[in-house]
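Colleague: Below, each chain spelled out in residue letters.
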Amino acid sequence: MAAIASVEAGAQTPAPAAGPATRRRSFPVWRWAILLIAGAFFLIPLWAGVQFAGLKAFPDVFKQSGFVSAIGLSLRLAVITTVLTLVLMVPTTVYVHLRLPQIRPIMEAITILPIVIPPIVLIIGVLKVAPGFLLGTPYLLALVYVILAMPFAYRSLDAGLRSFDLKTMVEASNSLGAGWSTTLWRVVLPNIRTAVLSATVLTVALVLGEFTMASLALYVTFPVWIVQFEQNSGPVSVAASLLALFVTWILLMLIVAVGGRSARKRGGAQVALFTVTRQDVSQTRGEPE
Amino acid sequence: MAENTAQAVVPEVLTSGARPSPVSTSIRGALRWLGIVPFGVYVALGLAAPTIAIAVAAFRNSSTGAFTASNFNTALKGTYLLGLKTSLLLSIATAIVPGIFGLLLAYAIYTAKRGNVLRQVVVTASGVFANFGGVPLAFLFIATLSTTGIVTGWIKDIFSVDIWNHGFTLYNTSGVFIVYMYFQIPLMVLVILPALEGLRPAWREAAQNMGAGTWQYWRYVGGPVLLPSFLGCLLLLFGSAFSAYATAEALTGGTIALTPIQIGALLNGNVLAGQENLGYALGLTMIVIIAIVMVIYTILQRRAARWLR
Numbered sequence: 020m021a022a023i024a025s026v027e028a029g030a031q032t033p034a035p036a037a038g039p040a041t042r043r044r045s046f047p048v049w050r051w052a053i054l055l056i057a058g059a060f061f062l063i064p065l066w067a068g069v070q071f072a073g074l075k076a077f078p079d080v081f082k083q084s085g086f087v088s089a090i091g092l093s094l095r096l097a098v099i100t101t102v103l104t105l106v107l108m109v110p111t112t113v114y115v116h117l118r119l120p121q122i123r124p125i126m127e128a129i130t131i132l133p134i135v136i137p138p139i140v141l142i143i144g145v146l147k148v149a150p151g152f153l154l155g156t157p158y159l160l161a162l163v164y165v166i167l168a169m170p171f172a173y174r175s176l177d178a179g180l181r182s183f184d185l186k187t188m189v190e191a192s193n194s195l196g197a198g199w200s201t202t203l204w205r206v207v208l209p210n211i212r213t214a215v216l217s218a219t220v221l222t223v224a225l226v227l228g229e230f231t232m233a234s235l236a237l238y239v240t241f242p243v244w245i246v247q248f249e250q251n252s253g254p255v256s257v258a259a260s261l262l263a264l265f266v267t268w269i270l271l272m273l274i275v276a277v278g279g280r281s282a283r284k285r286g287g288a289q290v291a292l293f294t295v296t297r298q299d300v301s302q303t304r305g306e307p308e
Numbered sequence: 147m148a149e150n151t152a153q154a155v156v157p158e159v160l161t162s163g164a165r166p167s168p169v170s171t172s173i174r175g176a177l178r179w180l181g182i183v184p185f186g187v188y189v190a191l192g193l194a195a196p197t198i199a200i201a202v203a204a205f206r207n208s209s210t211g212a213f214t215a216s217n218f219n220t221a222l223k224g225t226y227l228l229g230l231k232t233s234l235l236l237s238i239a240t241a242i243v244p245g246i247f248g249l250l251l252a253y254a255i256y257t258a259k260r261g262n263v264l265r266q267v268v269v270t271a272s273g274v275f276a277n278f279g280g281v282p283l284a285f286l287f288i289a290t291l292s293t294t295g296i297v298t299g300w301i302k303d304i305f306s307v308d309i310w311n312h313g314f315t316l317y318n319t320s321g322v323f324i325v326y327m328y329f330q331i332p333l334m335v336l337v338i339l340p341a342l343e344g345l346r347p348a349w350r351e352a353a354q355n356m357g358a359g360t361w362q363y364w365r366y367v368g369g370p371v372l373l374p375s376f377l378g379c380l381l382l383l384f385g386s387a388f389s390a391y392a393t394a395e396a397l398t399g400g401t402i403a404l405t406p407i408q409i410g411a412l413l414n415g416n417v418l419a420g421q422e423n424l425g426y427a428l429g430l431t432m433i434v435i436i437a438i439v440m441v442i443y444t445i446l447q448r449r450a451a452r453w454l455r
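So the sequence lines, in the order shown, correspond to chains E and A.
The first sequence begins at 20 in the numbering used here and counts up by one.
The second sequence begins at 147 in the numbering used here and counts up by one.
In short, the hints are calculated from the structure, not lab data.
Every residue, glycine too, gets a C-beta built ideally from N, C-alpha and C.
Do not rely on the hints blindly, as some may be mistaken.
[Stated by the list, open to error] Calculated from the model, a selection of chain A residues having no Cβ within reach of chain E, i.e. all distances over 12 Å:
| no. | residue |
| --- | --- |
| 1 | SER172 |
| 2 | ALA212 |
| 3 | ASP303 |
| 4 | SER306 |
| 5 | THR315 |
| 6 | THR319 |
| 7 | THR401 |
[Claimed, not checked] Stretches of chain E that chain A covers, calculated by requiring three or more beta carbons in the stretch to come under 8 Å of a beta carbon on chain A:
| no. | segment |
| --- | --- |
| 8 | 66–74 |
| 9 | 107–119 |
| 10 | 222–234 |
| 11 | 248–262 |
Required output: the full structure, derived from the provided sequences and hints.
Modeller: Following this line, the structure appears as structure tokens:
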């Protein structure tokens, strides 16, 4: 599609047409080299892991002692974390976009902090300040995971809100008599569905993979169980972690594929995790649909 | 007041017309901030309070609770200073190398056709791999590059060289460096893509119309626009590597001298009882370094925001 667009553009202005055309042909060499190296670096260890575990180990994962309670706890934490994250971050991000766009750089800086503040430092701080009734329950972890999920959640939602004209939509909705909750629920949310789904899956991926905090807080979540179980059976332990990785990946792919298709149908911008593919007005005009 | 000259009346009218609004706008201005109160409270309780608690504890004596700076005397000496140096060097290396490779990878996807399957695979994979770490990741690399690993075997078969006999090891800083790339490269792809998307095709066309080649475009247009974002992303990668704990711990069994691992050992009571506050001091040292990095990051983001809207 991009190639067609550049040829179209070339027809209107003949001089630079040769530039883009030759550049497009010279791209694949280095592009494929990079992708090949990346593919090898990321896939060979996965393949080595599958080899090490053996295909037989995969069904065995579900039969191990402690698996059910560990995955149960992790899934409960994932649900609680996701709900809390969305309830906190969706209204906040929408509000910042509409009313306080000037603090977006500050939001950006605050929400990046959990990536850079060492989780080991954060969790010991949390264990120091948390009130007693929270210290006794594993759900304390969910409250902390909301903080950890912020960088990814904020960025997906921010990208989602940038992909359409939020202000106009909200003004239209308000002028038609809708209240804030109706507007948020029936106008804004449907438009950032993909972003919400990405945020959800990234949050779930984070909760299902987080080890440092859970192990220091002494709760046996799925990653902690994997490590404890490794002493019993290495292969099953590797199979379990690969399974978690593949399931999350497939989920994300489905979300992006479905979200992308519906976005194309609506003719809106496409949201892919953190980025918005906006079509420039000039390009959309030049592109034969 | 009303008998004032025309010249004075004009500002009088202006101010009287605007008089109700300064009050109401200041109220409305204050009310506007109410919308982010829940978020602010959550961040204050979940992020700021724990950080402050550590900062205070770092200046206390573990047994007596008296205020002291002695924790920092220990934290900035001997093995702990070495750990800090190793952590810093490792983080710088695992910011720059994956940063450059991640940029190239992101650019390769960015130039791919829109809505391309390849692009979706890489972007979603980045989302998953950026969160992958700890013991599972260590396992994968042990299966790949340990003495009996698959790739070690391939190299042995093809070149008849056992890399483990030639100084290679997975269980020290260089091994940790290789393994960290597994989540650092995807993280770079995720954070640099929005910046790449911000490069308008129109700029490139304009540059070409004025006769600029690919090199000149990157030297004078694309590069300068991208540079603040790129440096910002490098700082982010630095922070991510600096704060990583589980992967290095799992890979080396906690034998490597990195600050997060030393903190973990002190707080798990593996070293000596009554040294928790030394751990807090190390934690505060890390936070101070991260704070410096974040200030630079924010400044760079502000510069980047000029172009990326």
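Colleague: Each hint needs a verdict: does it hold in this structure or not?
Modeller: Hint-by-hint comparison with the structure:
With a cut of 12 Å on Cβ distances, SER172(A) stays outside the contact zone with chain E, its closest approach being about 15 Å. Against chain E, the non-interface label of ALA212(A) holds: every CB pair exceeds 12 Å, the least being about 18 Å. With a closest Cβ-Cβ approach of about 15 Å to chain E, ASP303(A) is found to remain outside the 12 Å limit, as its non-interface label requires. For SER306(A), the non-interface assignment is confirmed: its Cβ lies about 20 Å from the closest Cβ of chain E, beyond the 12 Å cut-off.
Chain E leaves THR315(A) outside its interface by the beta-carbon criterion, the shortest separation being 17 Å against a cut-off of 12 Å. For THR319(A), the requirement that its beta carbon stay farther than 12 Å from each beta carbon of chain E is met, with the minimum near 18 Å. Distance to chain E confirms THR401(A) as a non-interface residue, since its nearest Cβ pair spans about 17 Å, more than 12 Å. Only residues whose C-beta sits within less than 8 Å of a C-beta in chain A count toward coverage, and the segment 66–74 of chain E has 5 of them, enough to reach three; the restraint holds.
Counting residues of the segment 107–119 of chain E whose C-beta lies closer than 8 Å to any C-beta of chain A gives 8; at least three are required, and the coverage claim holds. Evaluation of the coverage hint for the segment 222–234 of chain E: fulfilled, as 6 residues show C-beta separations to chain A shorter than 8 Å, against a requirement of three. Coverage of a stretch by a chain is defined here by at least three residues with a beta carbon nearer than 8 Å to that chain's beta carbons; for the segment 248–262 of chain E and chain A the count is 6, and the condition holds.
Taken one by one, the earlier hints all hold for this structure without exception.
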